[in-house]
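A.B. asks: If you're matching them up, the sequences are chains A and B in order.
Residues 1 to 249 in the working numbering are what the first sequence lists, from first letter to last.
Residues 1 to 259 in the working numbering are what the second sequence lists, from first letter to last.
Hints should not be assumed to be uniformly reliable.
Said to hold, decoys possible - If you want the ones that stay clear, here's a sample from chain A, every Cβ over 10 angstroms from chain B, calculated:
1) E8
2) L193
3) L247
Unchecked claim - Calculated lysine-lysine pairs in the DSS-like style (CA-CA distance at most 30 angstroms, straight line):
4) K26(A) to K213(B)
5) K215(A) to K14(B)
6) K40(A) to K133(B)
7) K12(A) to K75(B)
8) K18(A) to K40(A)
9) K23(B) to K12(A)
10) K26(A) to K67(B)
11) K67(B) to K18(A)
12) K26(A) to K133(B)
13) K67(B) to K12(A)
14) K171(B) to K215(A)
15) K223(A) to K14(B)
16) K5(A) to K45(B)
17) K213(B) to K215(A)
18) K133(B) to K18(A)
19) K5(A) to K14(B)
20) K133(B) to K12(A)
21) K45(B) to K223(A)
22) K67(B) to K215(A)
23) K26(A) to K74(B)
24) K12(A) to K45(B)
25) K215(A) to K45(B)
26) K215(A) to K75(B)
In case anyone wonders, no lab produced these hints; they're calculated from the structure.
Ideal placement from N, C-alpha and C gives every residue a C-beta, glycine not left out.
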Amino acid sequence: MILTKSLEQLGKYTLFLKRAFAMPDKWSVFGRRTVLEIMKLGVDSIPLVIVISLFIGAVCTIQMQLNVQSPLMPAYSVGLATRDIVLLEFSNSILCLILAGKVGSNIASEIGTMRVTEQIDALEIMGVNSTNFLVTPKILAFVLFMPVLVIFCIATSFVGGWCVAVFTDLISVSRFIYGIQALFVEWYVWYGLIKSLFFAFIIASVSSYFGYYVKGGALEVGKASTNAVVSSSILILLFDVILTKLLLQ
Amino acid sequence: MIEVKNIIKSFDGKTILHDVSAKFYSGKTNLIIGQSGSGKTVLMKCIVGLVRPEEGEILYDGRDFMKMTDTQVKKLRHEIGMLFQGSALFDSETVLGNVMFPLMMFSGMSRAEQLERAHFCINRVNLAGAESKYPSEISGGMQKRVAIARAIALNPRYLFCDEPNSGLDPKTSILIDELLHDITQEYDITTIINTHDMNSVLGIGENIVFINKGHREWVGDKQRIFTTTNEALNEFVFATRLFQEVKDYIISQGSEEQN
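Next comes chain A alone, as it looks inside the complex (with noise of 0.2 angstroms):
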């Protein structure tokens, strides 16, 4: 039965997906649209992401330092492990799951509530396809903006990480930056942009399919809000372990 009915959602997902990328009926329309959706669900999704990074950059790098007091860890340890935790975790899986709460939820409600106050049905009466003409931009807005968000999060996280090293007696400056520049792996920035997309993709889409196929009233848009958070959030971990097999090993 489950099987069944996720098998259902799948298709139906998919046919949702089709008709989204079909061609645009205005490319002058769309673009602004997509402009539009980068201010809204990008733009002012930064300070969210400096205000997260800045303190859960401080936070590892204090956790670090108390964790790893031992003579044989080398004195860039600190640095290094934060460094590596941002890059290939934080920075990416953890931000998207905060992100999907934030984006998710937005999308899913502004979509449904469309759909219950008719909106959509009007787009469709003109002869608007109306899942190009709402998704695409989201989507494609999202995918677009979330590499700066991800820059974004890995600068304020060591920023925050630095003002531990300045701030307290913990650690100092020097070991601090030491251990950020050393045994660098430029690989991990791609890993985690690479994955930042999918993931971009995963709450834009999922979200809006979610708000799409909303039936009733103010009730069940909020229902399929958190349907589209939990969905993307569940979606993003198991796209996170497929990912990291095929990148990192």
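Fit chain B to the given chain A structure using the hints.
C.D. replies: Showing chain B alone in chain A's frame:
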């Protein structure tokens, strides 16, 4: 003219429309009336293609809607305007933005021409001065008029209105009815209005299709409705004492004239 033939539609095994056939004429206000749950909204959704019937034909001036390709449907949709029950205006757009929307998407007009046409439509529904307001800043009646302006922006050949008077006071309802009636005649549009408002039925019902429990029970106009012997229609239209008295008065006037 729009013609529907033998439409059958079910949801979850329950038949909502049973073999419904009807004709809707151009230049006339065609009303679909019936109680809540009678199937009139489903019929309208079938006609505009939001719901696909299991059987039947839908002919737009002889063009079979059910047999059209996606491209043909898309082309036909540019000839259709629709006014939804809740207006369905785009919240993020102003009044002008809403009316401009179909023009921007499909008209091929220059920006200046689009603006001129949008202002013309806004003036036509007596909303001049409200162009920069958002839907949340205007009344329900004004929202309906914006929706009418948007619906007529592309000069449609077919206009569909789903319960245009719901939630409006009687005075505003009459204004909306008159506006729809005038627009229909002015541009020779085939207008189909879904309603259970008796003021609309008696005011602008030039061709009335009565749907009862998914069946087409009766077809006629606002004059013939007073003399109908259809029991279900009589129960529906003259359910209130006021309308019963109006009916009695009109019938008595008619018999006096005959004497």
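A.B. asks: Please flag the earlier hints that this structure goes against, numbers listed from lowest up.
C.D. replies: Going through the list in order, the structure violates hints 4, 9, 14, 18 and 20 and respects the others.
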